[in-house]
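Engineer: Residue-level listing of the chains:
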Amino acid sequence: MKESLKSLRFSITKRYGAKTVLDRLELDIRGRQFVTFLGPSGCGKSTALSIVAGLIPPTEGSIWLDGEDIGHLPPEKRGFGMVFQNYALFPHMTVFGNVAFGLELQRRPAHEIRTRVQAMLALVQLSGLDERYPGQLSGGQQQRVAIARALVLEPQLMLLDEPLSNLDAKLRVEMRAEIKELHAELGLTSVYVTHDQAEALSLSDWIVVLRDGVLMQAGSPQDIHDRPRNLFVADFMGFRNFFKVRLAPAPAPGIVEGEGGGLRLRARDGGGFSPGSDAVLAIRPEDIRLAPAADGANAFRGRVEIVEYLGREHEAAVSIDARTRVWVRTTELLAPGDAVELSFPPDKLVVLPTE
Amino acid sequence: MRRGVLGERSEFDGLALVCLLPSLFYVLALFVYPFLYGIYLSLHPLKLAGFSLANYATFFMDPYQYGTVWITFRLAIPNAVVVSAVALWLAYGMRRGIWLERTITTVLILPISLGVILLSEGILGFYGANGWLNQALLATGIVAEPLELTHNYIGVILSLFMQQFPFCFLMLLGYISGIDPSLEGSARTLGATPWIVFRRVMLPLIAPGLAIAFALVFVMSFAVFPSALMLGQPSGATRSIAIAAYQQAFEQYDMSYASAIAVIMGLCQLAALVAIVLIRGRLASGATIGIGKR
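Here the protein sequences come in this chain order: E and V. Residue numbers for the first sequence, in this note's numbering: -11 to 343. Residue numbers for the second sequence, in this note's numbering: 2 to 295.
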């Protein structure tokens, strides 16, 4: 493999008429990193990727590769590999023709093309299918061809635009592992776009969460998962219980206490909040315990209303009082009408600004 | 179960046949019968009794008549080439939508709605010896003598182009904008310049549609009649095969000979279509595979 890039830095704004699709999105990617743009559809993540690839010009800003401004370069001069959501294989070329396309354009000798294409097809487990046309392959095989076609050129940077979203659930998990393996094995630098948080968490070194073209939070998967900085990221990452509170003076260092909706809750102090201000406390269903708290803090009684079966677990809606209902995930067998005791471990509750 | 399915199917087939009858009748009465009757007529010359190939023999022995085949090809092929090439160029450029697209498309389509006669009148008024174009050119001193753009080969080509370009353009625009845009994006990231994207990715995928568009334009041009009369030299350079048939039918009142000329015209069109289909098959053998399943 060719030397991976050392750093890719960009600051881009994209507007279509009056609509801002990307608002000064700034990022610094280091070599061998796996960076993911995560967000709901329409958040600008694919646009950002296309701008990095050179397929769409930014309205403002530029891109620097190892310190050199490449914003003016057309896509064919950037040397980035790209994998598309719908694979974008050339339907009139065989698997071999598709993978060889880039090498042929580089005017490599025929024997070199043959060896490199065969090696790449072996790497993505497609040996023996070289004479097939894309229309004769399954979705998973087509995506492997698309990945092989980009990788065979030994790109400094791999751009992957929702490459797994057209595959069924089982295949998606398999391909996810394969992509991760290829990334590590070949020492690639990758930028990946997805709306699936599980994909983002399992693949990435660094996650960038976007909403309406604005960066909401960037950080390691653990950061994004455990310490969301705002309601949007928390909601997107699976926090399902939110409590509007007014913060009270801290009862102890590192702890905040809030009161609202008839509940008094303690949470881990993430910093930046002063007593008297409004905040939202959030907790995931799987972090709520179905047991009385040892110290009596954050403990409530409730009644089970709805039970959703999830396979290994259940997710239950428990009403604490007329105004408050929380979602709890448990392996215990619950039935609607059951009386339960709940406790919210304070270190699992995060404090978020109200907007 | 099996019997039920079969029963249902035959019932459906019966109903389908009944529904088919009106259109079948239409095709038989208005196309197949006149067509076969034309062939029958052409084989029964006016001045001879019974079956004879005399009409065909006469046609191919008379340079004034068989020359029309060459004249018509000379109009139809260059026109089809120019129309398809310009339409391809424009439709390719407009494949992702452009500014004022609706207005431009409307202007391009307008000639279709006007009809050939009005269009030809317009061409005479604009490009004729005393037309606006020549008056403007003379007044500005760009030319000393008026350009001869009508009542010759150029006039007919102008008219054919304006009649057939919109059809061809719309067909190709629909075809090209149906091709997945990410194919271009992926080709670019693999190192292809816009020209290579066109030549190696897009053109092979457009080829089947281009062949159909070319064939349609060719067939329409080969039947050129009103514009060859109004804008050309109907007794000389643009005496197309349709004019030859018309003269036999309505000037010589020899419907039998006219039918023979019409059959020859049909055979020429058929031969060209077969050639186009063969070339298309050779050019794009891989292109059709999997185009529907992207």
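One thing to keep in mind: the hints can contain errors.
As the list claims (entries may be wrong) - The calculated lysine to any residue pairs, modelled on SDA-like cross-linking and capped at a C-alpha distance of 20 Å, are:
(1) Lys7/E / Ile99/V
(2) Lys65/E / Pro195/V
(3) Lys336/E / Phe261/E
(4) Lys65/E / Phe199/V
(5) Lys232/E / Ser265/E
(6) Lys7/E / Met221/V
(7) Lys7/E / Gly98/V
(8) Lys65/E / Ser183/V
(9) Lys168/E / Val202/E
(10) Lys65/E / Trp196/V
(11) Lys65/E / Arg201/V
(12) Lys(-6)/E / Lys232/E
(13) Lys65/E / Arg(-3)/E
The hints are simulated quantities; they were obtained by calculation from the structure and are not laboratory data.
Engineer: Is Lys7/E close enough to Gly98/V, meaning Cα to Cα at most 20 Å?
Structural biologist: With Cα atoms ~19 Å apart, Lys7/E and Gly98/V stay inside 20 Å; holds.
Engineer: Checking one constraint from the list: CA of Lys(-6)/E to CA of Lys232/E, max 20 Å. Satisfied?
Structural biologist: Roughly 44 Å between the alpha carbons, so the hint for Lys(-6)/E and Lys232/E is violated.
Engineer: Check the hint pairing Lys7/E with Ile99/V against an upper bound of 20 Å on the C-alpha distance.
Structural biologist: holds (19 Å)
Engineer: Is the hinted pair Lys65/E and Pro195/V satisfied, with a Cα-Cα distance of at most 20 Å?
Structural biologist: OK: Lys65/E and Pro195/V at ~12 Å, within 20 Å.
Engineer: What's the verdict on Lys65/E and Trp196/V, does the C-alpha distance respect the 20 Å limit or exceed it?
Structural biologist: holds (14 Å)
Engineer: Tell me if the straight-line CA distance from Lys336/E to Phe261/E falls inside 20 Å.
Structural biologist: Satisfied, since the Cα-Cα distance of roughly 17 Å is no more than 20 Å.
Engineer: Given the hint that Lys7/E pairs with Met221/V, does the C-alpha gap stay at or below 20 Å?
Structural biologist: violated (47 Å)
Engineer: Does Arg201/V sit within 20 Å of Lys65/E, going by the straight-line distance between their CA atoms?
Structural biologist: holds (18 Å)
Engineer: Compare the distance between the alpha carbons of Lys65/E and Phe199/V with 20 Å, and conclude whether the hinted pair is satisfied.
Structural biologist: With a Cα-Cα distance of about 17 Å, the restraint between Lys65/E and Phe199/V holds, given a limit of 20 Å.
Engineer: Given the hint that Lys168/E pairs with Val202/E, test it: the Cα-Cα distance must not exceed 20 Å.
Structural biologist: violated (27 Å)
Engineer: If you draw a straight line from the CA of Lys65/E to the CA of Arg(-3)/E, is it 20 Å or shorter?
Structural biologist: holds (17 Å)
Engineer: Does the structure keep Lys232/E and Ser265/E at a Cα separation of 20 Å or less?
Structural biologist: Cα-Cα ~11 Å, so holds.
The structure is inconsistent with the numbered hints 6, 9 and 12, although it conforms to all the rest.
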